[in-house]
Every structure is written in structure tokens, then in C-alpha cells.
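Residues per chain are reported as follows:
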Amino acid sequence: GENVEQHPSTLSVQEGDSAVIKCTYSDSASNYFPWYKQELGKRPQLIIDIRSNVGEKKDQRIAVTLNKTAKHFSLHITETQPEDSAVYFCAATGDYKLSFGAGTTVTVRA
Amino acid sequence: EAQVTQNPRYLITVTGKKLTVTCSQNMNHEYMSWYRQDPGLGLRQIYYSMNVEVTDKGDVPEGYKVSRKEKRNFPLILESPSPNQTSLYFCASSLQTNHEQYFGPGTRLTVT
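First to last, the sequence lines map onto chains X and W. Residue numbers for the first sequence follow my numbering, beginning at 236 and rising by one. Residue numbers for the second sequence follow my numbering, beginning at 8 and rising by one.
The reader is advised that the hints may include incorrect statements.
What the hints assert, rightly or not - Straight-line Cα separation of at most 16 Å, EDC-like style, residue types lysine to aspartate or glutamate; simulated pairs:
{"#": "1", "chain 1": "X", "residue 1": "K332", "chain 2": "W", "residue 2": "E107"}
{"#": "2", "chain 1": "X", "residue 1": "K332", "chain 2": "W", "residue 2": "E8"}
{"#": "3", "chain 1": "W", "residue 1": "K64", "chain 2": "X", "residue 2": "E291"}
{"#": "4", "chain 1": "X", "residue 1": "K272", "chain 2": "W", "residue 2": "E107"}
{"#": "5", "chain 1": "X", "residue 1": "K277", "chain 2": "W", "residue 2": "D45"}
{"#": "6", "chain 1": "X", "residue 1": "K332", "chain 2": "W", "residue 2": "D63"}
{"#": "7", "chain 1": "X", "residue 1": "K332", "chain 2": "W", "residue 2": "D66"}
{"#": "8", "chain 1": "X", "residue 1": "K257", "chain 2": "X", "residue 2": "E291"}
Because the hints were derived from the structure by calculation, they are not lab data.
Using the sequences provided together with the hints, build the complete structure.
Here is the structure:
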């Protein structure tokens, strides 16, 4: 089955700086890689996703890159703001199961 | 309003007392799944269903059962709960596996 590893587990950044979270996956058949954001006490919500036929995708201040050869993908948040403070989860799927990373707690310092 | 609902939101129970957590979606999604969230472990998939009457095990199915008799409902059953099943549970639905998952509000379960 798929195994997704996520680093770092915690990340503290100064407001305005960039944040990068990295994930690796084990199953080369995986073809869909979503990122979810979970604010304290709330449910996870999709913020961006990428499919295996695309190398990079951007949506305003967030971007995701995918390296299929190395089997890793990353989330980039630029110009971080206090509302970016949350737990971020990466995930991967190639069949019917969805495997999540353990999560990264991002804290944006004012 | 398109949504996934779960009930109850909070539940405290005792070891061995059977319980059911309900999940319902109104988006006509084919794919539904259950996750448990524990500190440091992220979201782990318990069971998933690709369509009515089609269910399969996720990564941590032991101690849980599910059924999918109707497209909109996907209840999670704990026949004999144990303290290690104390966790935050999320139901989710999507068009297919490789599409956005819409999560329910979560059910916090405590088994004493």
C-alpha cells in the first residue's frame, strides 16, 4: 500500500516569509496529490491539488510541485499571513485508498 | 447547501457498548470514507466505499464495521469499543477517490 511521509512536523515562520512542506510517497502508481488545511477545531479542507501529468500548480500565494521520478511533492506558501497558521496534510492516491501524511503544524509569527 | 453531516458530534461511552456514528452526504457522491485522527499520526483511513454495497478496508479497519445500503449514508459501527478507539473521527465524501474530499464536522469519541 501507499506510504506518505511528511516533513517537517512543525514549522514556525515570520509573517511575510515563505513556508515549504515536503512529502514523499512510495507507490509509483499514485496519480493524485491533494493538500488539506485544518484550522484548530475544524474539519480538513482542500487548498490545492495536483495530478501526475502536471509538474507544478499555483493558486495565488500557494503552489505545489511534483517530482514523479523522485516520488516527492511539496507545498509552498509565499508571503505568509496569520491566517495561514494551521495544520497542513499532504495525501496521495493511485487506486481507491487515500493515504495522508502525519501533518505539519504551521505557526506564523507576527 | 452541499454538506456532509455526522452524528453524534461528541460521544463518551464505556468499553464493549456497541455504537454507531452516522454519516450522510447530499452531493450524490459515489465515494465515501471514514478516517480517524490521532495526534502525530495524521488522518488514517478506516474503511471506504466506492459505491452502494461496495466497501473495502483502509489502513486501520480492525474493530470497525461499515455499510453502504444507500448512496447518501455510510455509518461507522463499533461493535465492541475499546479505549484505543478513543479518537476524532471524520467522514468524507467525493465524486471519486482522486477528487476533492468533503469532510464532515468530526465526531469526538471517548471510550472509558
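Hint-by-hint comparison with the structure:
1. X:K332 to W:E107: Distance ~13 Å between K332 of chain X and E107 of chain W Cα, so the pair holds.
2. X:K332 to W:E8: 27 Å, violated
3. W:K64 to X:E291: 32 Å, violated
4. X:K272 to W:E107: Judged against 16 Å, a Cα distance of about 13 Å means the pair holds.
5. X:K277 to W:D45: 14 Å, holds
6. X:K332 to W:D63: 9 Å, holds
7. X:K332 to W:D66: 9 Å, holds
8. X:K257 to X:E291: 14 Å, holds
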